[in-house]
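Visitor: Keeping their order, the protein sequence lines are chains A and B. According to the numbering used here, the first sequence is numbered sequentially starting from 1. According to the numbering used here, the second sequence is numbered sequentially starting from 1001.
No lab work stands behind these hints: they were computed from the structure. Hints are not guaranteed to be accurate.
Unchecked claim - Below, a list of computed lysine-lysine pairs in the DSBU-like style, where the Cα atoms sit at most 35 Å apart:
no.	chain 1	residue 1	chain 2	residue 2
1	B	K1163	B	K1035
2	A	K41	B	K1012
3	B	K1036	B	K1046
4	A	K99	B	K1163
5	A	K81	B	K1046
Computed from a predicted structure; not experimentally measured.
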Amino acid sequence: MSQPEVLNQAFELGYTYTRSTGPVIGRFLTELRNRNIVGIKASDGRVVVPPMEYDPNTAEALSEFVEVGQQGEIVSFAWVKEPREAHPMDVPFAWAMIKLDGADVPMIHCVAAVSEDAVATGARVQAVWADETIGYITDIRCFELV
Amino acid sequence: MSEEQEVVTVVKAPVYLKYNFTAGAAPARFLAQIKKGVLTGQRCPKCSAVYVPPRGSCGGCGVATEEEVVLSNKATVQSFTIVYIPIPNNPIQPPYIIANVVPDGANVSFIHLMSECVNEDVHIGARVEAVWKPKEEWAFAMDNIRYYRPIDEPNVPVDQIGKLPVTGLEG
Chain A
1 MSQPEVLNQA FELGYTYTRS TGPVIGRFLT ELRNRNIVGI KASDGRVVVP
51 PMEYDPNTAE ALSEFVEVGQ QGEIVSFAWV KEPREAHPMD VPFAWAMIKL
101 DGADVPMIHC VAAVSEDAVA TGARVQAVWA DETIGYITDI RCFELV
Chain B
1001 MSEEQEVVTV VKAPVYLKYN FTAGAAPARF LAQIKKGVLT GQRCPKCSAV
1051 YVPPRGSCGG CGVATEEEVV LSNKATVQSF TIVYIPIPNN PIQPPYIIAN
1101 VVPDGANVSF IHLMSECVNE DVHIGARVEA VWKPKEEWAF AMDNIRYYRP
1151 IDEPNVPVDQ IGKLPVTGLE G
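If we strip away everything but chain A, and leave its shape as in the complex, we get (with noise of 0.2 Å):
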């Protein structure tokens, strides 16, 4: 018997999901479509950006928003070599946490920079905004280093 030729085809699956934001994330979407950064204090002070609808110590429902600061601190972040189609830049760039001004906890975004030396721990960033807000969380387009 002949070796058969070898069959294959590209196939793509789609999930086609629209998902519901809850009322918390839904009011930190829709500031973010007017160019505002929300979060939300909890019991014990800290300010919690992204905001969560429950508070992490007491599971209380929380309400009180506080907007911060468009500027922050990167806490950690993981140079990115080969983005992949997925990724929100289509050159080098990093994954950064970043603590910005006002805000408690670190938000996970991207950075650009022009390479992986001009990025570090404690280095100041700037959110730039996307030339069309929809709110989503690509609103943010990216931040820059200061």
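The hints should help you fit chain B onto chain A, whose structure is shown.
Guide: For chain B alone, coordinates are given in the frame of chain A:
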């Protein structure tokens, strides 16, 4: 919130899984025959069960299958469902029938479309035959068989479904 705008309540969060699907040896042989307009299965060397489409092994015996068996264009409806809900990107207008059909000479069924039938008259044990696309449209694809349609032959008793020889009822 500074602007008079609707509050965000939902986000679009689609997930796309992109595969490069490789058929594998047994399905590749099967599809090569389908491209020539021939429906084939593979017989288990141990229990003689004929699988279509072949996966290259017998699930019951756990042994590789090698022997290729040419199957009939005639088949029997093992089960079916009437589809009333439109499926996105599917050009077929509901209601239509999706059936598990067992080709004569095979011992397992596969899923295919039925047409040229009165949906309400389709039943388990009904005899059907494959309607192929024109030869020039044959590809490495199961839909070279456009659909199955009813034929005027006696019903197959339930305990005989999946056990007919390739020669069919008379065989």
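Visitor: What hints, given by number in increasing order, does this structure fail?
Guide: 4 and 5
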